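A.B. asks: Knowing the structure of chain C, use the given hints to seat chain G on it.
Taken in order, these protein sequences are the chains called C and G. To convert, take the position in the first sequence, counting from 1, and add 278; that gives this note's numbering. No gaps in the numbering here: position 38 of the second sequence is 35 in this note's numbering, and each next residue is one more.
Do not rely on the hints blindly, as some may be mistaken.
Subject to a maximum C-alpha distance of 25 Å in a straight line, what follows is the list of computed DSS-like cross-link-like pairs (lysine-lysine) [as the list claims (entries may be wrong)]:
1. C:K453 x G:K82
2. C:K452 x C:K471
3. C:K518 x C:K498
4. C:K452 x C:K437
5. C:K498 x C:K437
6. C:K399 x G:K82
7. C:K399 x G:K65
8. C:K437 x C:K453
9. C:K453 x C:K399
10. C:K376 x C:K395
11. C:K399 x C:K376
12. G:K73 x C:K399
13. C:K395 x C:K471
14. C:K531 x C:K471
15. G:K73 x C:K453
16. C:K395 x C:K453
17. C:K498 x C:K399
18. C:K529 x C:K498
19. C:K452 x G:K73
20. G:K73 x C:K498
21. C:K506 x C:K399
22. G:K65 x C:K498
23. C:K471 x C:K532
24. C:K437 x G:K82
25. C:K378 x C:K395
26. G:K65 x C:K506
27. C:K498 x C:K531
28. G:K73 x C:K506
29. G:K73 x C:K395
30. C:K395 x G:K82
31. C:K518 x C:K453
32. C:K437 x C:K376
33. C:K506 x G:K82
34. G:K73 x C:K437
35. C:K452 x G:K82
36. C:K395 x G:K65
Chain G is nowhere near these chain C residues, computed Cβ spacing over 10 Å in every case [unchecked claim]:
37. I298
38. G332
39. L340
40. R349
Keep in mind the hints are simulated off the structure, nothing from the lab. Because the structure is a prediction, the values reported are computed rather than measured. Backbone N, C-alpha and C define an ideal beta-carbon position, used for all residues, glycine too.
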Amino acid sequence: MDGDSTETSQHEIERPTTSILSQDEIGQLVLEHQGWAESIARSVARAWNMDWRGDGLDGAALEALLFCARRFDPSRGIPFRGYARRRIHEASTEEARKSKNWTNTSKGSSSEEEARKLSIKLLDSFPELRDGYLPGAEDDDVRGSIRSLLVGASISAIKEGVETSTPEDYMDIKKVVEIISSLEPVHQLLLWKTYWEGHSLRTVAEGWDTDELNVIREHKVIIEYLSKCFSISKKGTRPKVRPGLRTAAFKIKKDSEAGPFTQILEGSRGEKRR
Amino acid sequence: MVKKIGDKKIDPLSPTKGPDSVAKTTGVEGVDPVKATSGVAGTSAVGGVRARKSTRMMSMAEREELFKMVSEEADKLFPPGTLPKHKKEVIEGAVKMAIDAAITDEEPEDLEK
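Here chain C stands alone, though its shape is the one from the complex:
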């Protein structure tokens, strides 16, 4: 999620107002990377069962490619594709979301439509995906990365469940909420802000006036703990608050005794929200 809400990419840094490259160089960049940009649009369309040309993803990808080429500064030492990929991916997904086929349920089941919406949240919560990487896979722990995605998706999904599910379904969702509500209030709030309110880990860190790495590492520990708790066979030790987050944790406890998920459990369904 990190994130990578968490990585500093060139387009997040101050941009020049005028092009660094000449028109010829910009044209050359666009020409060289057009096929690659189109492949990003195709991958987005494939994932959501859409038509990459018919739904306008090709145009959005090329527009983003041109945008990036105009602002690309080779002196920064960042390869063009590393700089442009996330923006082209975002443009493609945004175009897909605006397309009339996005909510066209005749093409697929309602589950498919729900999954699409949830996958957008995943791409926002785990921006490394837009770069083509599995989140947090620096240790080559592919299954660990997949578990993080599943846990992240389940936390996002229960939001909908709390609001709309039948009483029977809610009893199942309640089990998940119970597990999350066993966490420290600061940990609950971290999940709440990330998965329910859509903030990046960086924004959460800024709000708590702490180093981004504290939040990233804490998030990883929490997700690992939850993945153990979700699968019945394993039980983990409840994570402690790391020193870098203790000031924020203290303040949160002082302001409100219970975490947001505890409040859901204690109050009536979905009423107590931050």
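C.D. replies: Below, chain G alone, put in the same frame as chain C:
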């Protein structure tokens, strides 16, 4: 066989010798004068910490294998009774879609270009 303490004979200690003599101390010859500092160089900003960097880019070749892993891990994480079946399908589907959307069919080995 267990050895008892004291089985092994220890050589007797040799008597210690007294110090022969102590070297005389010499006086301090002088202290260099303190030199003026030439000013402290300003600190430079840290060039942005790359917080988390994955090293592994997904490829088309492993797409199906990744999907299989998603299903397996979803079964482990959400055994019957933990989540409504429909919800589990949605979660599993969403993760597969997010991964699929991240894999391009024309990706270089890295982002060196």
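A.B. asks: Output the indices of the hints that this structure fails to meet, ascending.
C.D. replies: none
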